[in-house]
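Put the two chains together into one complex, using the hints given.
Each chain is listed here by its residues.
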Amino acid sequence: MFEENYDVVVVGAGHAGCEAALACARLNLETIIFTVSVNSIALMPCNPNVGGSSKGHLVREVDALGGEMGKNIDKTFIQSKMLNKSKGPAVHSLRAQADKAEYSRSMRQVLENQEHLTIKQSEVSDLIINDNTVTGVKICTGGIYHAKAVILCTGTYLRARCLCGEAITNTGPNGLQAANHLTASLEKAGIELVRFKTGTPARMDGRTVDYSKMIEQSGDERIIPFSFSTDPESIQKEQVKCYLTYTNEKTHEIIRNNLDRSPLYAGVIEGTGPRYCPSIEDKVVRFADKDKHQIFVEPEGLSTNEVYIGGMSSSLPEDVQLEMYRTVPGLENCKIVRNAYAIEYDCINPVQLYPTLEFKKIHNLFAGGQFNGSSGYEEAAAQGIIAGINAAMSVLNREKITLDRSQAYIGVLIDDLVTKENHEPYRMMTSRAEYRLLLRQDNADIRLRKIGYEVGLVSKEDYEKVVRKQKLIDEEIDRLRNTYVGSGKKVSDFLNSMGSTELKSGSSLYELISRPELDYYMIEPIDDNRRELDEDIKEQVNINIKYAGYIEKQIKQVEGFKKLESKKIPDDMDYDKVSGLRNEARQKLKAYNPVSIGQASRISGVSPADISVLLVYLKGKTRS
Amino acid sequence: MYLSDTITAISTGMNNAGIGIIRISGEGSFKIASAIFRLSSGKSVNTFESHRVYYGFITDDGKTVDEVLLIALRSPKSYTTEDTIEIDCHGGNLVMRRILKIILSKGARLAEPGEFTKRAFLNGRMDLSEAEAVTDVINSSNEYALNNSIKQLTGKLTEKIRLLRDKIKYEIAYIESALDDPEHYDLSGYYLRLSNVTDEICDELVSLKKSFNEGRIISEGINTVILGKPNVGKSSLLNLLTGEETAIVTDIAGTTRDALKQDIVMNGLSLKITDTAGIRETDDIIEKIGVDKALESAKDADLILMMIDSSEEIDETDIKIFDFIKDKNAIILLNKSDLKQKVSENDVKKFTQKCIMSISAKDETGIEEFKAKINEMFLKGTIDYNDEVILTNERHLYLIENSIQSLEEVKNSISAEMPEDFVSIDLKNAYEYLGTITGEQTGDDIIDEIFSKFCMGK
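As they're listed, the protein sequences go chains A and B.
When the letters of the first sequence are read in order and numbered with our numbering, they come out as residues 1 to 624.
When the letters of the second sequence are read in order and numbered with our numbering, they come out as residues 1 to 458.
Same shape as in the complex, but just chain B (with noise of 0.2 Å):
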């Protein structure tokens, strides 16, 4: 049988660490556990007590393998409502592989990616958002995009859905009860409600739409861009922020020779940070295709920062950069304010609309004004993070798309003064798409498509 049979991964990653999770769920867990776990005392446990932790050995035809602790969880008041083991045991790679190789020997199986969650979800532990919202927390780079998770986890965004979703229902019971019953319910003057009420549900749902992209900014890391002409400190920037900060997370060299991409995690936010060639007219081809990619990358960015040599004047190239930023979310950087100050803030200001901050990267002065001001961009002003729910998932942005066109249509309908009954096709179309989110609606297509994206050992 598919559910029943007995899984096993190690939950942890593999990576030498000092302790390791090997986790068993299904109905044959004690049993293995049994066959594999010896007490300090040399006996073996037969009836393993729930939620209790037992000290001793892994053995292996009599050998030890290793000193563990293991973890009895009896169904259903487990992750996966199954029996389920835990082995905490030491976390080299080849002891884990070890332990693990003696659980399939004893009969269980390799748990396919995801396949705990997805056990949790199908035992109705869980609802789909949150199954997902267990990717996320496991995914999560960084703090916001954890905490957010996590609300996600704990029901913050089926919550919400949810009473949209009632919202909406709400209005097609009205409109089926007074085609059922005109005597009792009167749809004289409803449009101008229903108009209001879709007019609500719209905005909700697209500001959850809007903040997909901050969702993404913080699971994903801000996407920034060091923009200035040749020799303004571009690059002793970039430096001066991955050197101080130690969370580096990995290096991407980049396509050409003078354009680096670097992940940073700055005061709990992660940015990917690109540097590029410095701007100018040229003619010579290869600098060209430089500086052509350089405003190629920054189209697509979250952050522009601007560097300017203070140094020096403001030329016909820093003129064609305000103008290429000046729809962007940017910050103007004037270095090198520990030399003779030829630009000043406030000859910039004739230029552009955006913040602009004195530093030198050089004597790392101002640095920590820029990186404050970086947080204030994007964590006070526009995201709360007390309320607010982000959406983190394509899946859910895909759903919510749709159920805005179907309000949309809601309303081409009211104002094409469509009887009443047929609103209703658009309305019962929004309701299902944001009960995929949460799984109140069920199709065989969804599930698939989620546990196909579970790739982890959870």
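Just chain A, with the same shape it has in the complex (with noise of 0.2 Å):
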């Protein structure tokens, strides 16, 4: 039989395969990474856009740890914005319009280009396990290949079945050959899966979509890039258009007339799917009281003429979506190139993982992206990259990591995935971050670079970058602490010109950035001093200067949080030794084994009178 030797084995090369593979590979360790088909590389079966609310964290993070996913939608993009810039800076987040094919060639060509990278075409149908450690898979043709470390990343894969109205065919996304065999192999090692669902929308021939109809959305004038490697200079180019437009009741009559016909409410589907990403059906069931519902068409790519109906997925049949979509003004006269359909696929219940994405129960087997239960190119990467540098730490014995809550957004989702009882496919959201202040996307460089590099993924030349960052970030800071104007005619003509209340003694350049209707740039006609900083500095320096009062108290709400985090819990702890638990959550406590007193806290069904009761058992143990 055949047989080969490596490092590490990833299992699918979508974005958390990606993301897996690169992080080991760039970590010197030989790595070999499956797809059902090299053509899927990175695909974008869904939404052709990269980034978003709090998806835009996520990239950023992503690049700040030495992922690609920034780097590449940095040279694929064909539009970008940054979006809520009328809130605060916690909830601005970047999305840029992907040229789809662009997008996923380029990913596979920088995976081409690897060091210590293969990729191979085939489906992987085993797990080989000896005494609860992995130890390589088996392909379906036979072959076996034997690793000191897996990382599943199967995504949407798995005995995926597409459902298009009563029309429900056995394939993967967009038609792609599904994995059929894994599922089984994956049961007999004790791991227990679960079924969601997913959808997307229908793909028009962009020629057949009146464009008057709608409402114009551009991209930003002054482009930002996702990576904190790409020069912005070179990346300021032509953007095209997408457009909004909207539902209307007819729209809504349709579904609700063929509500029956939807293999979602005629209970044909099995999964769960997001509540946070609804079909067009769900919308109008769920909100029944809205006349509307924005629909936004964006291009699939700069070589195709096909668009995507954002807002408007579905899996009613083929001719109750025609029908619908053309209800839509704009839409009349559309010809629908691929039909929105739903998709179901096994995944795991990620309560299996620790926070490092290893399984609690196989030694050195990882597992990442929508095989975890998540949904989203963005959420999958962010899982791939760590899934990929845990793997790699195991392989070459060192200190495995973990990024806790009020570090990133990543380890809020992963700390969610493997704490919270998930029902449904598991998209990031801002609220789903507690100290979001903290966690800026402007500011995922200064947070993580430190921690790429130390693995091994940043160069020492982009970690020296953040370094002198950070030093003229304080430096500028410092200056304006110390720098003071007084109340004479410059700087009262100038506060009176923005309607601010002039001065009566000194003050600190810093305090008047601190009032509301002022901030860093406004002031500079009264800063004789200041020196040329980037843009990047400047912006750090405006936040930590204008929202002090709001980060300082996120601060202590972080010092507070981490009390509990830093409480370990022995990994061999004895749940059934600690009398005064309630019964279900003892079981809860058993099922997730949480590291330390904070994630159990998170678990629901553990009250904070068991949290109570764990504290009291753990003192007593240090005691005696």
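Zero decoy hints are in this set.
Here are the simulated lysine-lysine pairs, DSS-like style, with alpha carbons at most 25 Å apart:
(1) B:326 with B:210
(2) A:553 with B:167
(3) A:563 with B:169
Here are the simulated distance ranges between beta carbons:
(4) A:535 with B:163: 46 to 52 Å
(5) B:295 with A:560: 41 to 47 Å
(6) A:248 with B:185: 17 to 23 Å
(7) A:261 with B:189: 36 to 42 Å
(8) A:3 with B:184: 52 to 58 Å
(9) A:171 with B:77: 58 to 64 Å
(10) B:77 with A:563: 32 to 38 Å
(11) A:524 with B:323: 56 to 62 Å
(12) A:37 with B:163: 56 to 62 Å
(13) B:345 with A:556: 56 to 62 Å
(14) B:203 with A:211: 49 to 55 Å
(15) A:560 with B:184: 30 to 36 Å
(16) B:346 with A:517: 58 to 64 Å
It is worth saying that the hints were derived from the structure and are not from the lab.
A virtual CB, placed ideally from N, CA and C, is assigned to each residue, including glycine.
Following this line, the structure appears as structure tokens:
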């Protein structure tokens, strides 16, 4: 039988698999990545964009750790926009429209050119496990690949089933071949699987869309890159336009009249779908009082006429789809290139994983992406890089990394996945991050570059860049704190012109910036000794001064959080010995085996009283 | 293991009462009881039935120590939710100690202060504020304080705090939903609503905070100071009040020869009365110290009783005292109504808005009316004992003050027109402070702090 040896095997080459494989190969581990089709590497089978509210944060964090997604979208975007600019800096989020084909092609090239990385088109059918340790995989054609670690990033391919009304096919996304063999092997290994569903809207022939009836959506004038390594000047370019239109009562009526033909409502779909990325049927049912819903029409790329109808994913039958889409202003004469469909797939209950994304019960087996019950390209990439790093750390006998909820959205994402009960595909959202004022997209490099550097995925040069940046920020803030202006005419005139109260005595520039009606940029005319600084540094200075009070409060909240987080629960904890725990809590704690009191406190079904019991028990243990 | 060992303590005071109770809680309770208890027939009991009272004797090496009633409570239906034995023995100091010693010799450990309640809390039988109320019930010095503690014990405070927390939670959830789904959750005009809701919650918290002072008065007693010129009858009043009331709790001699503090319970309310030196202009240094001290103690008083000799004209010193008490809770007592009146209630009204009453400490007239007045001032007018939750605990006060502060900051952010995601930081803080009162928010430090305060054997 055909056999080969690798350090790491990665199963699946979607957004998680790519990051995982690159991380391992870049840490000089011999890595092989399996995909059912080389043409589907880094495929974007759903929306044609990267980033968006809170997802943009994830991309920047992946980049700060030394991942590829940010760089790849910087190379292949066709429109870019910073969202939520009218809100606070915590919720600013970058979103770019991708040229899908280019995105995929470009990532494939990165993988192909990566040293120590082998790409293999084949379906993995079995895990090889000895003594609760994974030692390799077997592929459908019989070959065996021995490895020191295996990372599962199977996305939506496992026993995938696509539904378009009554038409059901056993295929993966975009009509690709499903992976039907691995599930049985996972079940045999004692891994608990669940079935989730997600969906995608139709793609139209752009020539049949009347854009004059829609509202134009342009990109930003000044484009900000995703990657901290991309020179902003290098990506300023002509951008495509997107369009906004709305559904109406007519659309909703057609949907309501045909609900019985929707597999979701007819009970054909077994999987649980995402509440936060609902199909148009879901929206019509859930928001019955709304007479319209937003529809975004976005190009799929520069080399195709296909356009994506965002906000209208559906699993209704083909004929109903066409009728429904044609009620939307601008889509009256549309022709559908690809039908909307829902897809069902096997994934795991992620509470079987440690926060390192290693299986609790199977040593050296890691998992990332939609396989872990998440949804979205960015969520996948974020888990992919962590799974990749930790698989590598495991092989290299180095300490694994975990990001906590106060460090990164990635930390929030993974902690939620491995701690909370998920009954639907998990989508990253701003509201999930408690400490979001500290976890801004603009400071992801300051937060995470060091970790990426220590791991070995960030170059010395990139790391020194962020050290220098931090130094310049600190110096500038110090200077503003120690620069005083008086009540002279120049300052008074300036303040009057800005609608701000005149000074009676001296004030530091720092104090002036703190005023609600002023900011760092505005006070430049009265700041005589201002240094020439890069845009990103100015931004940090402004945010850190203007929101200092709020930032301080968040830091305090984090301190409270860390206290419980730092109380570790020993691995061999025997919950049966802790009397006083309620039964439900005991069962949950045994099943989840949390690493800290903090994590335990976030498990649903574990009450504060149970946490008190645990605290007292642990205290008693250290005492004796 | 920490929790499952068996603890014991004398649960009643060591005061030679007729009956005393010794309690044992933990896995070993029933076994210990079997070893030390004999039925009147002389037999021992191997299996105690839950919630049954057994009559018999505590024995030590076959010798009878005391005649007792033994109550067996099987887990989880007991105070601590653990197997519990309660022994009703005779209340003598010596006998209780002997029984305790026997129990200890059978493997129980002496309970730490507050440990029974701690276990009840940790075993999920009560929430934090209920557990704290247990301490208060035990330490209650009068019936109003007791009522309030019992109210807290039955979860009234928790109920109220939960209601407020739910309101805050709704707003946090709304803001967060709008951040993630702006299409379906509209924030335009939202600040108007939020600022109304914040005001409402703040008002409720402020009245809770205010109730702390009333709560303190109830649990600690009304800090009362008698003020007046020399020889207007201050001491007679004090003697009259203390002499008549039998429930004198303690006598603490004042630090100066002419000041005296007495605790009395009057119509169910506790008063801590300070008699002070007579106020007058003086060059005598020692006397001046006394006068200063009198005024000093009056500063923090909950109630000032100003006495005037109605057989003497009102003079400069009286007017000075009127001025001193003008912002305070005070009753003006026109004493010596038995003598020829030179000053009438109407004369005094020219100088003060306070309530004026005529009494004679010597003839004991007007005293009942005066007492009724105090009850009216401190009970009827200010505190409704049927509905209101009253704050009595310093920790709760601190947390409520913090949550008020956080809500004030929410209001500041609203008026500074900060984006909505900023206000949720302070809303969340307010939410967590309140959760710390009921224990729905846990922290290691809270548990330590609270149980360090449990200092009784319950």
